[in-house]
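There are 2 protein chains.
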Amino acid sequence: MSIFVMVNGIPGDMGKMVAETMSARGLNLVPFSLTGEAIAEKEVTVAGKTIQLLKPSTRENAIDGILKDYPGLICVDYTHPSAVNENAAFYVRHKIPFVMGTTGGDREALQKLVQDAAHPSVIAPNMAKQIVAFQAMIEFLATEFPTAFEGYRLSVVESHQKTKADTSGTAKAVVASFRKMGFDFDDSQIELVRNEPEQMARMHVPENALSGHAFHTYSLDSADGSVHFEFQHNVCGRKIYAEGSVDAVLFLAEKIAEKAARPFNMMDVLRSGKMK
Amino acid sequence: MSIFVMVNGIPGDMGKMVAETMSARGLNLVPFSLTGEAIAEKEVTVAGKTIQLLKPSTRENAIDGILKDYPGLICVDYTHPSAVNENAAFYVRHKIPFVMGTTGGDREALQKLVQDAAHPSVIAPNMAKQIVAFQAMIEFLATEFPTAFEGYRLSVVESHQKTKADTSGTAKAVVASFRKMGFDFDDSQIELVRNEPEQMARMHVPENALSGHAFHTYSLDSADGSVHFEFQHNVCGRKIYAEGSVDAVLFLAEKIAEKAARPFNMMDVLRSGKMK
Numbered sequence: 004m005s006i007f008v009m010v011n012g013i014p015g016d017m018g019k020m021v022a023e024t025m026s027a028r029g030l031n032l033v034p035f036s037l038t039g040e041a042i043a044e045k046e047v048t049v050a051g052k053t054i055q056l057l058k059p060s061t062r063e064n065a066i067d068g069i070l071k072d073y074p075g076l077i078c079v080d081y082t083h084p085s086a087v088n089e090n091a092a093f094y095v096r097h098k099i100p101f102v103m104g105t106t107g108g109d110r111e112a113l114q115k116l117v118q119d120a121a122h123p124s125v126i127a128p129n130m131a132k133q134i135v136a137f138q139a140m141i142e143f144l145a146t147e148f149p150t151a152f153e154g155y156r157l158s159v160v161e162s163h164q165k166t167k168a169d170t171s172g173t174a175k176a177v178v179a180s181f182r183k184m185g186f187d188f189d190d191s192q193i194e195l196v197r198n199e200p201e202q203m204a205r206m207h208v209p210e211n212a213l214s215g216h217a218f219h220t221y222s223l224d225s226a227d228g229s230v231h232f233e234f235q236h237n238v239c240g241r242k243i244y245a246e247g248s249v250d251a252v253l254f255l256a257e258k259i260a261e262k263a264a265r266p267f268n269m270m271d272v273l274r275s276g277k278m279k
Numbered sequence: 004m005s006i007f008v009m010v011n012g013i014p015g016d017m018g019k020m021v022a023e024t025m026s027a028r029g030l031n032l033v034p035f036s037l038t039g040e041a042i043a044e045k046e047v048t049v050a051g052k053t054i055q056l057l058k059p060s061t062r063e064n065a066i067d068g069i070l071k072d073y074p075g076l077i078c079v080d081y082t083h084p085s086a087v088n089e090n091a092a093f094y095v096r097h098k099i100p101f102v103m104g105t106t107g108g109d110r111e112a113l114q115k116l117v118q119d120a121a122h123p124s125v126i127a128p129n130m131a132k133q134i135v136a137f138q139a140m141i142e143f144l145a146t147e148f149p150t151a152f153e154g155y156r157l158s159v160v161e162s163h164q165k166t167k168a169d170t171s172g173t174a175k176a177v178v179a180s181f182r183k184m185g186f187d188f189d190d191s192q193i194e195l196v197r198n199e200p201e202q203m204a205r206m207h208v209p210e211n212a213l214s215g216h217a218f219h220t221y222s223l224d225s226a227d228g229s230v231h232f233e234f235q236h237n238v239c240g241r242k243i244y245a246e247g248s249v250d251a252v253l254f255l256a257e258k259i260a261e262k263a264a265r266p267f268n269m270m271d272v273l274r275s276g277k278m279k
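Respectively, the protein sequence lines represent chains Z and R. For the first sequence, the residue numbers in my numbering are 4 to 279. For the second sequence, the residue numbers in my numbering are 4 to 279.
Okay, chain Z solo, but in the shape it has when bound (with noise of 0.2 Å):
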């Protein structure tokens, strides 16, 4: 099966990282990208190849030839909060199917745009499906057996790049689940690791991921000091977010070629690994 993909947020570092993961591992990278109207480059080589950006005000034009030379093309978007909700309207509009890798926007909008629409698309606020994963399981734990750690103690860590300046909205996911156990635990006692020394030291992050690191540590410790518990997601750069949406990609592509498409989160697409 032949895929054509147009990854829009070149020449951000992101959108350049997807395009280069779609293309290694074996999706065919189509020679354009949606960017916005400020960016001076008019096209830029990824992956060995030539990409021309289009911009809000020329892409109208270009669409309907792309499409043509492009059947079946899916679109992957890493572009900006603000273009968020445009881009999806743009897509709902030429019928091109998405995955949503941007966050922020209106979120809300952009859910009840696809779901009356019954676009073809996968949105969720965290690509990195092992993330996901992680979060289900703990959710799972939670629902299953929300007695199983009475009495015990939680505690959470999380170190993200200086830059950050609030609380990773995994972490406080995380924590809602552990709620669910009665841990009387409130977002703000998340502890917030922003110093590189510290992170090197007791995060062990290695020194090159200082500037783009997602590690997060949640401790369960008995009453009495006998048991410890410890589940940690430790994430470098942001590989795993292009390799979540590859793996969107792929799942969307199938369902569009079963006729089964519509709109999907990353759940749906971890799940269907299940009736491989």
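Quick caveat, the hints were computed from the structure, so don't treat them as lab data. Heads up, some of the hints might be wrong.
In this list, chains with the same sequence are indistinguishable; a pair is considered to hold if it fits within one copy or across any two.
[Stated by the list, open to error] Calculated pairs, DMTMM-like style, for lysine to aspartate or glutamate (alpha carbon to alpha carbon, straight line, at most 25 Å): (1) Lys45 <-> Glu257; (2) Lys183 <-> Glu233; (3) Lys175 <-> Glu147; (4) Lys183 <-> Asp271; (5) Lys242 <-> Asp227.
Starting from the structure of chain Z, add chain R where the hints point.
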């Protein structure tokens, strides 16, 4: 609800700890304990109570009086693998609900006995309910999302007191779940740490737990090394099993009160929390 508990296996260390834990958590310890024929002591003081030891040769004559004095009595068995089946037969014959914390013996015969008699009991190879919950969580991951960690590398290391020669059964059970996710990982690849200096330096086992601990670390690493997941369950001593045994007694007493008692296992005890 006043619950009478007879802890069998005193004066063994585990039997004594279980008796103390039962007492600490508000259960009524009856002043008798089944013990082995070779035990020299006639009575032992546990949790401030004098416990009369009953040998196989004397217990048949004593049991009717005990059951009369302590109605609704539940037995908790932490005796010896060689006593598992004869003790279970004794409990069934005298219609005494029981929690079997002793490992070994003929487990198939044990299950057949309680199933045929629909005998109120909790039998589990591992009374540490948090560990059982962890195992269920990994099994959930393997069953629901078997492709989530495709291309990752698994490594498993477990540390136990140096007198434990064989590989942990818990580690083997967890690895069996991981194999469902496609990991080509043999039980022989589980790394055993039995060297005390290494246990302290590498596994962070406290010195006072060298003689009794179970420290397990499961790691998943992406092929490019950018993503690392780690799951640890580190247990010092055997208190966790004593606490789990109390949970099992409370669960069984509740089921008896609801007239819904039958043979159960630790998963049933764990799941019961869900309904509360």
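Results for each hint:
Neither within a single protomer nor between protomers do lysine 45 and glutamate 257 lie at most 25 Å apart by alpha-carbon distance, with minima of 33 Å and 73 Å respectively. Taking the shortest Cα distances, lysine 183 and glutamate 233 sit within 25 Å of each other both inside one copy (18 Å) and across copies (23 Å). For a Cα distance limit of 25 Å, the shortest separation of lysine 175 from glutamate 147 qualifies both inside one copy, at 20 Å, and across copies, at 23 Å. With identical chains, the CA atoms of lysine 183 and aspartate 271 are at most 25 Å apart both within one copy (24 Å) and between copies (19 Å).
When the C-alpha separation of lysine 242 and aspartate 227 is checked against a cutoff of 25 Å, the pair qualifies only between copies, where the shortest distance is 9 Å, while the shortest distance within a copy is 40 Å.
When the structure is compared with the earlier hints, a violation turns up for hint 1 alone.
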